[in-house]
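**Student:** Here's the letter readout for the chains.
There are 2 protein chains.
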Amino acid sequence: MKRYLGLDQWNIIENDFKDENNKVSESIFSLGNGYMGQRANFEEGYSGSSLQGTYMAGIYYPDKTRVGWWKNGYPEYFAKVLNSTNWIGIDIYIGDEKLDISKCDVSEFSRILNMKEGFLYRTFIARLKDGNEIKIEAKRFLSIVDKEIGAIEYSITNLNFNGDITISPYLDGDIKNEDSNYDEKFWDEISKLSEDKNSYLTMKTKKSNFYLCSGMKYDIFKDDTKVKFNAQVNEKEKFIGNTIRLNLNKNEKVTIFKYVANVTSRDVNIDDIQSVTKNILNRAYDKGFYKLLEEHAKAWDKKWKESDIIITGDLAAQQAIRFNIFQLNQTYTGEDDRLNIGPKGFTGEKYGGSTYWDTEAYCIPFYLSTANQKISKNLLIYRYKQLEKAKENAKKLGYKKGALYPMVTMNGEECHNEWEITFEEIHRNGAIAYAIYNYVNYTGDKDYLTEYGLDVLVEISRFWEERVNYSDAKGKYVILGVTGPNEYENNVNNNWYTNRIAAWTMEYTLEVLLKLKDEAPQKYNDCIKKLKLKECEVNKWKDIIKNMYYPMDEKFNIFLQQDGYMDKEQILVKDLPKENLPLGKHWSWDRILRSCFIKQADVLQGLYFLGHLYDDNTIRRNYEFYEPRTVHESSLSPCIHSILASRLGMNYKAYEMYLQTSRLDIDNYNDDTEDGCHITSMAGTWMSIVEGFGGLKVKNDVLTLNPSIPEKWETFSFNIMYRGFLLKIRVEKNHVKISNDSDKEIQVVVKDNLYTILGKKAIEI
Amino acid sequence: MKRYLGLDQWNIIENDFKDENNKVSESIFSLGNGYMGQRANFEEGYSGSSLQGTYMAGIYYPDKTRVGWWKNGYPEYFAKVLNSTNWIGIDIYIGDEKLDISKCDVSEFSRILNMKEGFLYRTFIARLKDGNEIKIEAKRFLSIVDKEIGAIEYSITNLNFNGDITISPYLDGDIKNEDSNYDEKFWDEISKLSEDKNSYLTMKTKKSNFYLCSGMKYDIFKDDTKVKFNAQVNEKEKFIGNTIRLNLNKNEKVTIFKYVANVTSRDVNIDDIQSVTKNILNRAYDKGFYKLLEEHAKAWDKKWKESDIIITGDLAAQQAIRFNIFQLNQTYTGEDDRLNIGPKGFTGEKYGGSTYWDTEAYCIPFYLSTANQKISKNLLIYRYKQLEKAKENAKKLGYKKGALYPMVTMNGEECHNEWEITFEEIHRNGAIAYAIYNYVNYTGDKDYLTEYGLDVLVEISRFWEERVNYSDAKGKYVILGVTGPNEYENNVNNNWYTNRIAAWTMEYTLEVLLKLKDEAPQKYNDCIKKLKLKECEVNKWKDIIKNMYYPMDEKFNIFLQQDGYMDKEQILVKDLPKENLPLGKHWSWDRILRSCFIKQADVLQGLYFLGHLYDDNTIRRNYEFYEPRTVHESSLSPCIHSILASRLGMNYKAYEMYLQTSRLDIDNYNDDTEDGCHITSMAGTWMSIVEGFGGLKVKNDVLTLNPSIPEKWETFSFNIMYRGFLLKIRVEKNHVKISNDSDKEIQVVVKDNLYTILGKKAIEI
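Protein sequences, first through last, are from chains Z and X. Be aware that the first sequence starts at 1, since it is given in UniProt numbering, and climbs by one per residue. Be aware that the second sequence starts at 1, since it is given in UniProt numbering, and climbs by one per residue.
Just so you know, these hints were derived from the structure itself, not from any lab. Everything numeric in this text was worked out from a predicted model, so none of it was measured. Among the hints, erroneous ones may be present.
With a cut-off of at most 30 Å between alpha-carbon atoms, the simulated DSSO-like pairs for lysine-lysine come out as follows [stated by the list, open to error]:
id, chain 1, residue 1, chain 2, residue 2
1, Z, K574, X, K395
2, Z, K585, X, K395
3, X, K18, X, K176
4, Z, K71, X, K64
5, X, K555, Z, K540
6, Z, K298, Z, K761
7, X, K585, Z, K400
8, Z, K207, X, K176
9, X, K207, Z, K185
10, Z, K574, X, K396
11, X, K71, Z, K2
12, X, K395, Z, K578
13, X, K391, Z, K585
14, Z, K395, X, K578
15, X, K585, Z, K71
16, X, K446, X, K389
17, Z, K385, Z, K350
18, X, K64, Z, K64
19, Z, K578, X, K71
20, X, K396, X, K534
21, Z, K129, Z, K250
22, X, K400, Z, K585
23, X, K228, X, K253
24, Z, K395, X, K574
25, Z, K391, X, K578
26, Z, K712, Z, K653
27, Z, K540, X, K578
28, X, K2, Z, K71
29, Z, K64, X, K350
30, X, K401, Z, K585
31, Z, K71, X, K396
32, Z, K2, X, K396
33, Z, K64, X, K185
34, Z, K396, X, K585
35, X, K476, Z, K555
36, X, K542, X, K401
Residues from chain Z that face chain X, not an exhaustive set, calculated with beta carbons under 10 Å [stated by the list, open to error]:
id, residue
37, N72
38, T422
39, S471
40, Y565
Even glycine gets a Cβ: it sits at the ideal position worked out from N, Cα and C.
Please construct the entire structure, taking both the sequences and the accompanying hints into account.
**Tutor:** Shown next, in the form of structure tokens:
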């Protein structure tokens, strides 16, 4: 873990510019508004270490798969998250020298991510080769009110000379993805247009044929006076820009306000794309920078009112949780039900695809408790809509029936191409079933099941039915050749988690069917008919549930991660030489695989999901066995450990894991933040407070809280949305306050006692 | 299996040209002389389905590794077998029309591989677009007397018109590898020279900096008269050729004799390469085509006298064994100890690298029994010389000591990049140890051990020592996370074969050390000192040998392929729908992995190697269990099954497997001959006759034969070289004749009885 950023309640602060940190900072200081986003690249360009990244949600490119050795079943294409038109660019020349932080002396550098108001601010003083000094201030944001709009205020103050400066705002579509498999560029130019101070550039992706029109408009002020100027138009292939040359005397300041609108063919007819862009751009321009920013900040204020978590007594913890919530809100708003939550959000291009099991396992709980339940429902329907593709995917791999959801996808088709993951990490199917349970349990929306959920549950159960096989040797059903959540094991037999979630899926499906038969026989009959569900299938599921094999270790009385796990040399993480960590960077792959070390919660993931079915002692035994063997080299791991530790009263451990999950990117724990932030695991961070320290649970339609507080903290407060209510919870040592923000009466179980809170009232315990 | 080639004692015959067969034929009709080789491409070019391939032994290119997802430990480069200057080219124009079989009517086509004399012959009649008909006859060979020389006799007979023809012999260095990872070309031009009828083209490989100079010279005859002509010189980048235009009347025949010399910087200083090429070329030219061919055929005659196997009563079996012996002799002569035996020899570029465990497991037995023992010794020394690289390889993967030989290599460095193979198919180390045992056992050359062998054995034993771990759960040493010879299982625990060959390596190493200590204490001490062998290491090996875990199945009383194998659904190959085969082409990889189906001999490979340690009943039980589950989708499989079936008296099964191994390419069993022939498995074919039907074994310095003959065969005869003797064996039903071709007395055990054969005498049993 490497901390170089300053601690603050509401801001992420970088005060000392170092090239070696720049890619990490570009990730951390990223901006997004659910519709588009970008890494914290510099407007004036930068020739040092940088990963340029501007992304439009839902715009992807099916890049031809690259493998060493082809395996039957691999997908032909990998849907890449696309780097798209760079619209922040403003080249600055002082005399003939281009401003580039890597080529001049920089002092008083500061980069600030203001999370409260949702903007990025940067300032520095540059001393150029001939001794000329200028001060730069740059502020930009991506409006969460006018989602197509990005705006930049960029000012240059002349500190010590008289001379000319050149300002060149531009739109550059000639960009590439660093992870392009064959060094191909993914965008073609469709058109460009320059009229007065307006410029438009329309690009189209190859193959996937997405259009993106970017329009820019700008004003220039000298000190507080708007400047009239003649702009020279610069056109190159895939590029359009303007050049303005101005005289700037000592102590004068010039400011450019650059407004950009980005409109895609996902929302607009391609024939209208430029005119729509123009209208949106003009509207924003007419509002002006400050008004846009004011509305944007106000909208952020509302978001924070709903989803903020306040921690007192621990600045690092406070900053971190806000960073996590901020990034989650930047990534996905739930407004567009065609979108999902990519693992890097808008902070990097790595991994590709937009949808992983992370969505169901980690993100849905966050959105369930912090937003209108429609958002979680949309995320579930997203998978429902892809059911046919998941059935095709199963067929492709040789299954006669059932659905196997993809490991990574953008449109329902599998993208990933590692056999041990793509073909074998099938537990993802379980998480998709579990999310349905989770949603229905939390919201009480049972209609979801008949309308959408059962279709998915039945097809996943059918998959498991075919995927198990009966072992004569064991006299049990087994699941061979899988990769569990712990990806530091590949192609293992009887991964406990996979076996358990498979059987659980069938249990839950049968339970739902049974209830439906009882409560709504006609609906039940319709469902059976629609799904062509046969008696023999149901019987087979029952038999599998009854006779599923679960590996156990008798000595430790624990669930065994997989067959043969106890044959490994049993070493604990604490006994590893520090320089071996992270193992993923230092050990050969085979060494990792045959070691006992666990990348991320695996058995414990199951005990987290199905925590309502296991007692504390069982969880404790497994936790105490697995935690010391877990290296947490997946971002999805520490949060689960934190939550379980909270449940078990291991307060300090829960806190330690909380810090790791919440500051994973800010402190670059796994030495990989430069690729982008770990967005989906941020929902896990939120869970580790609300479900962990807060002890939030819903069981049999009863909301339960079981709060505990880390020693260092004075208080922590969070809100939860629950069945239309907004509850505010504030936890101190030995004191909990729960406020009902609605007009109705709410019943809550706190530490095993039932409380009723009247409308607009609070209780204190 | 698809048979389209004619049966014949000495020839491979293709009588009906079909484009769809052409790539397969190009592989099968390949020519080689150990120094260079080529696929059976057409001299006049061909625009249909074709894989152009000309290869120079030992010339490779380190192509940048291509993977989907990088794993720690992968090599940076993959040494590709290089397609090099195409020197067979002779473009033919009739009037203005280029001769191209795919673009004219072809009749009376015949392509013949004359294995007795070692040349390729082709003839056909082409009817061109304007009705002109010509007859082509082409004969070519790669001299096994003058190894740098290739020669072509190419004649065109005018059947029905008067007109001009154009002949353009050329050297073309502008070629590529189809398997180039990034579509890069691997050769640069260094120089070209044209003087009179001589042309020289010198090319250099990128990165690896191998030079290849090709020189050509030619004569043209009209009927039997040498023609004087003016040649136009054609030069392009990486290309040099001549064009000769001649008038050819009806019934006239024009013949070009093209001589080519290929010289590389592996043998010659780069400054001299062109002059050396010139000298060699002129010498060959002076001999002339017929004299060169006569000497070449004579040399082949000698080879056949030594290594032929004669089968009567079964033309398909006879043709097949000769094809296998012919290709083996074309691929490797043992004259150059820097070379090894690539899996495709000179018949294709697939797989890359020149050295696999095939050499030790399959090829060494062939060379031991058919050639001077120096050749096998050279193959062993090849690995001895790469010991330091094997130690580096082990270090790279995180081992503290020991040597891990590469899965695929050209120069001792690992080339391959599939984690489940590269890092886990470590049994290859065992085969390298076994080959030392095999060589010493067969030749009695015990000095090899002290001089070279022990170094390799000790380092491999050290590797195993570190690679095992003690399982507290089992109270035994285990080997986790391996891939056995059966590549249809990956990352399994306790592969019986791997555990057994690991322990056996240590057993044999200790046995060798003990004997040395007894017989030559001084040498022993020197060795211990040189190898820094510690008492504690030896003790650890003893402990591992004693406490190695071997998976067993008690119900079937067999060695279990790996932990958990009996949990798989047990289906037999005979019960699979035919259209599912080969599984490798029809099933997804995960389905293959979790099925019980075995790609190639695995437990049975161990029982073949260590056959002297197991009784027939043990072998029978294992054979009867595993054979019905084996799909033989590796070329290395049927021969082992054939040999074991012979041992067990399952004569018909042995014969069936013999046909499969021997006609694997000719009948394209696995639908992949178009990539090249399976050269190394051809040694297995030879073994299935000599060790299988012949029952050849050497044990405690005694040569043993235990002949049996397939029902269909009348007789089969083979020779074996053994400790300086040449024995000729002829087997009939109930009758064996063994002739001693030396002057000395030989003792042989035949079917458990000891016979003594005096010099130049024979015995009949």
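**Student:** Determine for every hint whether it applies to the structure shown.
**Tutor:** A quick look at each hint next to the structure:
1. For the proposed pair K574 (chain Z) and K395 (chain X), the alpha carbon gap of about 24 Å is at most 30 Å, so the pair holds.
2. At roughly 16 Å between alpha-carbon atoms, K585 (chain Z) and K395 (chain X) fall within 30 Å of each other, so this suggested pair holds.
3. Restraint check for K18 (chain X) and K176 (chain X): the C-alpha separation of about 25 Å stays at or below 30 Å, so the hint holds.
4. Using a Cα cut-off of 30 Å, the hinted pair K71 (chain Z) and K64 (chain X) holds, with the two alpha carbons roughly 20 Å apart.
5. Between the alpha carbons of K555 (chain X) and K540 (chain Z) the distance comes to roughly 28 Å, so the proposed pair stays at or under 30 Å and holds.
6. Under the criterion of a C-alpha separation no larger than 30 Å, the hint pairing K298 (chain Z) with K761 (chain Z) is consistent with the structure, at around 27 Å.
7. Between K585 (chain X) and K400 (chain Z), the direct Cα distance comes to roughly 18 Å. Compliance with the 30 Å bound is thereby established for this hinted pair.
8. For the proposed pair K207 (chain Z) and K176 (chain X), the alpha carbon gap of about 28 Å is at most 30 Å, so the pair holds.
9. In summary, the hint linking K207 (chain X) to K185 (chain Z) is supported, as the alpha carbons are separated by about 28 Å, within the 30 Å threshold.
10. Under the criterion of a C-alpha separation no larger than 30 Å, the hint pairing K574 (chain Z) with K396 (chain X) is consistent with the structure, at around 24 Å.
11. Between K71 (chain X) and K2 (chain Z) the alpha-carbon distance is near 25 Å, which keeps this suggested pair within the 30 Å criterion.
12. The suggested pairing of K395 (chain X) with K578 (chain Z) holds, with an alpha-carbon distance near 19 Å, which does not exceed 30 Å.
13. With a CA separation close to 22 Å, the supplied pair K391 (chain X) and K585 (chain Z) stays within the 30 Å bound.
14. Of the supplied pair hints, the one linking K395 (chain Z) and K578 (chain X) holds, its CA atoms being roughly 19 Å apart against a limit of 30 Å.
15. With a C-alpha separation of about 9 Å, the suggested pair K585 (chain X) and K71 (chain Z) falls inside the 30 Å cut-off, and the hint holds.
16. With a C-alpha separation of about 25 Å, the suggested pair K446 (chain X) and K389 (chain X) falls inside the 30 Å cut-off, and the hint holds.
17. Restraint check for K385 (chain Z) and K350 (chain Z): satisfied, since their Cα atoms lie roughly 26 Å apart, inside the 30 Å limit.
18. Among the hinted pairs, K64 (chain X) with K64 (chain Z) is consistent with the structure: their alpha-carbon atoms are about 19 Å apart, no more than 30 Å.
19. Proposed proximity of K578 (chain Z) and K71 (chain X) is supported: the alpha carbons are some 21 Å apart, at most 30 Å.
20. Our distance criterion of 30 Å between C-alpha atoms is met by K396 (chain X) and K534 (chain X), whose separation comes to about 23 Å.
21. For the hint linking K129 (chain Z) to K250 (chain Z), the alpha-carbon distance of about 17 Å falls within 30 Å, and the restraint holds.
22. For the hint linking K400 (chain X) to K585 (chain Z), the alpha-carbon distance of about 18 Å falls within 30 Å, and the restraint holds.
23. Restraint check for K228 (chain X) and K253 (chain X): satisfied, since their Cα atoms lie roughly 15 Å apart, inside the 30 Å limit.
24. Pair hint K395 (chain Z) plus K574 (chain X) holds up; C-alpha atoms about 24 Å apart against a cutoff of 30 Å.
25. The suggested pairing of K391 (chain Z) with K578 (chain X) holds, with an alpha-carbon distance near 25 Å, which does not exceed 30 Å.
26. Distance restraint check for K712 (chain Z) and K653 (chain Z): the Cα-Cα separation of roughly 13 Å lies within the 30 Å cut-off, and the hinted pair is therefore satisfied.
27. Using a Cα cut-off of 30 Å, the hinted pair K540 (chain Z) and K578 (chain X) holds, with the two alpha carbons roughly 28 Å apart.
28. About 25 Å separates the Cα atoms of K2 (chain X) and K71 (chain Z), which keeps this hinted pair within 30 Å; it holds.
29. Under the criterion of a C-alpha separation no larger than 30 Å, the hint pairing K64 (chain Z) with K350 (chain X) is consistent with the structure, at around 22 Å.
30. A C-alpha spacing of about 21 Å is found between K401 (chain X) and K585 (chain Z), which places the hinted pair at or below 30 Å, so the restraint holds.
31. Taking the CA atoms of K71 (chain Z) and K396 (chain X), the gap is about 27 Å. The hint holds against a cut of 30 Å.
32. With a CA separation close to 27 Å, the supplied pair K2 (chain Z) and K396 (chain X) stays within the 30 Å bound.
33. About 21 Å separates the Cα atoms of K64 (chain Z) and K185 (chain X), which keeps this hinted pair within 30 Å; it holds.
34. For the suggested pair K396 (chain Z) and K585 (chain X), the alpha carbons sit about 13 Å apart, so the restraint of at most 30 Å is met.
35. Straight-line distance between C-alpha atoms of K476 (chain X) and K555 (chain Z) comes to about 17 Å, which keeps the hinted pair within the 30 Å bound.
36. Straight-line distance between C-alpha atoms of K542 (chain X) and K401 (chain X) comes to about 18 Å, which keeps the hinted pair within the 30 Å bound.
37. The restraint placing N72 (chain Z) at the interface with chain X holds, with a minimum CB-CB distance near 5 Å, inside the 10 Å limit.
38. The interface hint given for T422 (chain Z) holds, since its Cβ lies 9 Å from the closest Cβ of chain X, which is under the 10 Å cut-off.
39. The beta carbon of S471 (chain Z) comes within 4 Å of a beta carbon in chain X, closer than 10 Å, and the hint placing it at the interface holds.
40. For Y565 (chain Z), the shortest C-beta to C-beta distance to chain X is roughly 9 Å, which falls under 10 Å, so the interface hint holds.
Checked against the numbered hints above, the structure breaks none of them.
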